[in-house]
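K.L.:
Chain by chain, the residues run as shown.
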Amino acid sequence: MRWPLRIAIAVGLLILYWGVGYVLEDNIIEYVIRIVLFCGINAILAAGLNLINGTTGQFSIGHAGFMAVGAYTAAWTVMQLELALYGGRTDLALYEVAIVFLPALGLGGLMAALAGVVVGVPSLHLRGDYLAIVTLGFGEIIRLIFNNWPALGGALGYSGDRPLGLSVHTNFFWVASVATLVITLIANFTYSSYGRALESIRDDEIAAEAAGIPTTRFKVLAFVISAASAGVAGGLFAHLQSSIQPNDFKFDKSIDMVVMIILGGLGSVSGAVLGAFFVGLTLELTRDLSEYRLIAYALVLILLMLFRPQGLLGTREVRIWGART
Amino acid sequence: MDVFLQQLVNGLSIGSVYALIALGYTMVYGVLRLINFAHSEVFMVGSYVSFFSAQWLGFDAKQPAAFGYGRALLVLVLAMAASALLGVAIERFAYRPLRHARRMTPLITAIGVSILLQNLGILIFGPNPRPFPMIIPEQRYELGGVVVTNIKLLIFVVSAVLMVGLTYLVQKTWTGKAMRAVSTNLNAAKLMGISPNRVIAMTFVIGSALAAAGGILFGLDQAKIEPLMGVLVGLKAFVAAVLGGIGNIAGAAAGGLLIGVAEQLTAGYISADYRDAITFAILIGVLLVKPEGMFGSSKIEKV
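Here the protein sequences line up with chains D and V, keeping their order. Using my numbering, the first residue of the first sequence is number 245, and each one after it goes up by one. Using my numbering, the first residue of the second sequence is number 3, and each one after it goes up by one.
Simulated from the structure, these hints should not be mistaken for lab results. Where hints are given, some of them may not hold.
Claimed, not checked - Reference listing, derived: stretches of chain D covered by chain V, where coverage requires no fewer than 3 residues with Cβ under 8 Å from a Cβ of chain V:
{"hint": "1", "region": "328-339"}
{"hint": "2", "region": "433-440"}
{"hint": "3", "region": "492-504"}
{"hint": "4", "region": "532-539"}
{"hint": "5", "region": "546-554"}
Ideal Cβ placement from N, Cα and C applies to all residues, glycine included.
Construct the complete structure from the given sequences, taking the supplied hints into account.
P.N.:
Right, here's the structure in full:
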């Protein structure tokens, strides 16, 4: 595709999302919109996690930790920018929101990426499953840190430096736009030569190294991109409500993500997105049965691995636009 | 100085519990090259089995008079047997069918079994902590400002006895020899007439029984147990196994003691809040600097 065409598509989508968001806001109950927003955020999380767990074959089970880093960073940044630029006004126009929200999401992704480097480098320079246990520890420790950080509200959670709490910026327009951007980037990366290198690492790491692929660098790269997208999703998640708590990012959240990508088929980007919507919807529909949720998830994980280890979709992609190679 | 000695005593006692659990991680990793995530839940179940069997045998948290060493030993044996059974069942149904699958597949089932047991635990035992029955009445001794209880001593002694027993089993018996053979080279062991299934099942029996012993000792030390107790303890025990060199039994024991002392010193000198964070810092440090651990040797991978 040529650049003018790409830009035209991007602008077209932005207008479309804005229009759809505008119509939804007036006509559909907030509850339904929230479910859609959660599904969109899940889709970003799943696409990101799939890059490291599915495409690269390195297991991370602490992505809620990166989400937390992104959420806290974005919430703090938005709060500081709003106080500095608008003196805490709440009736912001779309462009004014964009001025504070976009840098905040970017910074959230960046901080999560940094955390990804700290976690990824020690565990990924080795062969073996160290990433799983290190990310498990990271997810617990990061919550501990936010729990004990007085400036960010400690265990009570962060609601900014004003009684009103955080601004609720996340709406259909933002989720749809950011999700489209992040998922497109990840899909393009997965189906580039880099992505093929990652798949070769998944299939046989020693052979990949023998073929001249710098395996450590590629694994860390995939992990950092994955962490960054979780951070961006965290930023969107933070601005769905007026405060965030360390307990929003418990181990359960990491498991939700793992279930999304395993249902969708490890290694399939569109599968991950479908899995995200499926999990997002079931979470809402079965809210009354929430104590059985993790039991059901655990059974899904075990049974799928025993009888269909490639996930429901495998590495196949659902193609709605034919042009992608 | 008193603080240091006191935390050292506490650290050695809780560290020997970590060591017992670390042995299970390291043995399973030795034969299967799998991080057995479900191990921390086997530990939790062991703790609950001892809780209920202690109740059944008439022990009472509020009534320390009703004790007896024979019955305390029976509690230990029951818990170890139940956990061993659970460990073998997990291996048989969740890991054995996947022994030739891609490496990530059994890892995911391991995580699945772990979550399943945690949440069944919450459902069956209730989410709240329960006071652990004092199957041994507590006595306190003061040695120059340092308080030592008979329970801390007992924890240390029981762990030491079990570890010596394990060393004997692994080094001197045929079962142990077969286990070492399988962990060195599974296919070559098969050619020598060793049945890998039986050896792997045996590994799970021993590792799980040790975890159950750890579960009782942990309950005695902390005086309460809860369904999610395995998460952090399991993480620490795994770090202990990596610290000592994964696959190495003596290393796991030494690593457990070191982790226990490190976290108690952190609690004593820095802040109890960061007690759990120190383990994670140690893990990152070990993986960066010496990933083969204190006693492990790095292996050359052949294709």
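K.L.:
Which numbered conditions among the earlier hints are violated in the structure presented, ordered from lowest to highest?
P.N.:
The structure breaks hints 1, 2; every other hint is satisfied.
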